[in-house]
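S.K.: Using the sequences and the accompanying hints, generate a full structural model.
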Amino acid sequence: EPEVTQTPSHQVTQMGQEVILRCVPISNHLYFYWYRQILGQKVEFLVSFYNNEISEKSEIFDDQFSVERPDGSNFTLKIRSTKLEDSAMYFCASKETSGDTGELFFGEGSRLTVL
Amino acid sequence: SQQGEEDPQALSIQEGENATMNCSYKTSINNLQWYRQNSGRGLVHLILIRSNEREKHSGRLRVTLDTSKKSSSLLITASRAADTASYFCATGGYQKVTFGIGTKLQVIP
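Residue numbers (the numbering used here), protein chains in the order written: chain A, 6 to 120; chain B, 3 to 111.
Heads up, a few of these hints could be off.
With a Cα cut of at most 25 Å, we get these calculated SDA-like pairs of lysine to any residue [to be verified]: (1) Lys28/B <-> Gln46/A; (2) Lys98/B <-> Ile25/A; (3) Lys58/B <-> Glu101/A; (4) Lys98/B <-> Glu8/A; (5) Lys62/A <-> Lys98/B; (6) Lys71/B <-> Gly107/A; (7) Lys47/A <-> Ser14/B; (8) Lys47/A <-> Ile51/B; (9) Lys62/A <-> Asp76/A; (10) Lys98/B <-> Arg116/A; (11) Lys62/A <-> Thr29/B; (12) Lys47/A <-> Gln108/B; (13) Lys98/B <-> Asp68/A; (14) Lys106/B <-> His15/A; (15) Lys98/B <-> Glu61/A; (16) Lys47/A <-> Leu13/B; (17) Lys58/B <-> Arg116/A; (18) Lys47/A <-> Glu7/B; (19) Lys72/B <-> Gln46/A; (20) Lys62/A <-> Val46/B; (21) Lys62/A <-> Lys28/B; (22) Lys98/B <-> Glu108/A; (23) Lys98/B <-> Ala93/A.
Keep in mind that the hints were calculated from the coordinates and are not lab data.
M.R.: Here it is in structure tokens:
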């Protein structure tokens, strides 16, 4: 069954360092998302991406964050200068169809630990 | 913005019992979805109910939607230990899907 894959599964970094989290969405999907989940807390929307541009972003997604689809298969989230509070699980998701219906398919997440 | 809020936040039941989780949201919706998350794993879609539907079934899952009260419920019948997970309701369109705070369900064997 097709799946969303994310790498790395766990990354430990020093505060102030740049981090890139990678995702390979399901191949025929058109809509891509990043979410984050601080341990034990809710799943928070970061950004959605369609047709090579950001569709919507939350207030969390400030200038320190960027997304890119560099080669038609990977979808990356970059955090330019990590802060302690960026420590969280980051989930990538993709969706096949337009419109309001259609499920999101999630990857298993990348755990980011900022020291 | 649309946001689901589930209650209870935690629920512990014996295997074989039914589990009911509720979700309330603030604005009008076209559909509402329920997802499940095993500890530390990605979310998995369970079921979607459209705004013009009142009830939907999928296996041991039963979802209801009351748009007048802006609420939904997820019923898991004959629960199993493997149902232990967090359950989230979600609202929104293709640009943004917003998740509630979730209900943590523990099914005791």
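S.K.: Confirm or reject each hint.
M.R.: Quick rundown of the hints versus the structure:
Between the alpha carbons of Lys28/B and Gln46/A the distance comes to roughly 20 Å, so the proposed pair stays at or under 25 Å and holds. With a C-alpha separation of about 22 Å, the suggested pairing of Lys98/B with Ile25/A holds against the 25 Å cut-off. Of the supplied pair hints, the one linking Lys58/B and Glu101/A holds, its CA atoms being roughly 22 Å apart against a limit of 25 Å. Only pairs whose Cα atoms come within 25 Å are accepted, and Lys98/B paired with Glu8/A is accepted, the gap being roughly 20 Å.
With a C-alpha separation of about 8 Å, the suggested pair Lys62/A and Lys98/B falls inside the 25 Å cut-off, and the hint holds. The suggested pairing of Lys71/B with Gly107/A holds, with an alpha-carbon distance near 24 Å, which does not exceed 25 Å. With a CA separation close to 19 Å, the supplied pair Lys47/A and Ser14/B stays within the 25 Å bound. Of the pairs offered as hints, the one joining Lys47/A and Ile51/B holds, with about 22 Å between alpha carbons and a cut-off of 25 Å not exceeded.
For the hint linking Lys62/A to Asp76/A, the alpha-carbon distance of about 22 Å falls within 25 Å, and the restraint holds. Between Lys98/B and Arg116/A, the direct Cα distance comes to roughly 22 Å. Compliance with the 25 Å bound is thereby established for this hinted pair. Only pairs whose Cα atoms come within 25 Å are accepted, and Lys62/A paired with Thr29/B is accepted, the gap being roughly 19 Å. For the given pair, Lys47/A sits about 18 Å from Gln108/B by alpha-carbon distance, which is consistent with the 25 Å threshold.
Taking the CA atoms of Lys98/B and Asp68/A, the gap is near 19 Å; set against the 25 Å cutoff, the hint holds. For the hint linking Lys106/B to His15/A, the alpha-carbon distance of about 24 Å falls within 25 Å, and the restraint holds. Restraint check: the Cα-Cα separation between Lys98/B and Glu61/A comes to about 7 Å, which is no more than 25 Å; the hinted pair holds. Proximity of Lys47/A to Leu13/B is assessed by CA-CA distance (about 17 Å); at most 25 Å being required, the pair is judged to hold.
The suggested pairing of Lys58/B with Arg116/A is violated, with an alpha-carbon distance near 35 Å, which exceeds 25 Å. Taking the CA atoms of Lys47/A and Glu7/B, the gap is near 10 Å; set against the 25 Å cutoff, the hint holds. For the hint linking Lys72/B to Gln46/A, the alpha-carbon distance of about 23 Å falls within 25 Å, and the restraint holds. Of the pairs offered as hints, the one joining Lys62/A and Val46/B holds, with about 22 Å between alpha carbons and a cut-off of 25 Å not exceeded.
The hinted pair formed by Lys62/A and Lys28/B meets the criterion: a straight-line CA distance of about 20 Å does not exceed 25 Å. For a cut-off of 25 Å, the pair hint linking Lys98/B to Glu108/A stands: about 12 Å separates their Cα positions. A C-alpha spacing of about 20 Å is found between Lys98/B and Ala93/A, which places the hinted pair at or below 25 Å, so the restraint holds.
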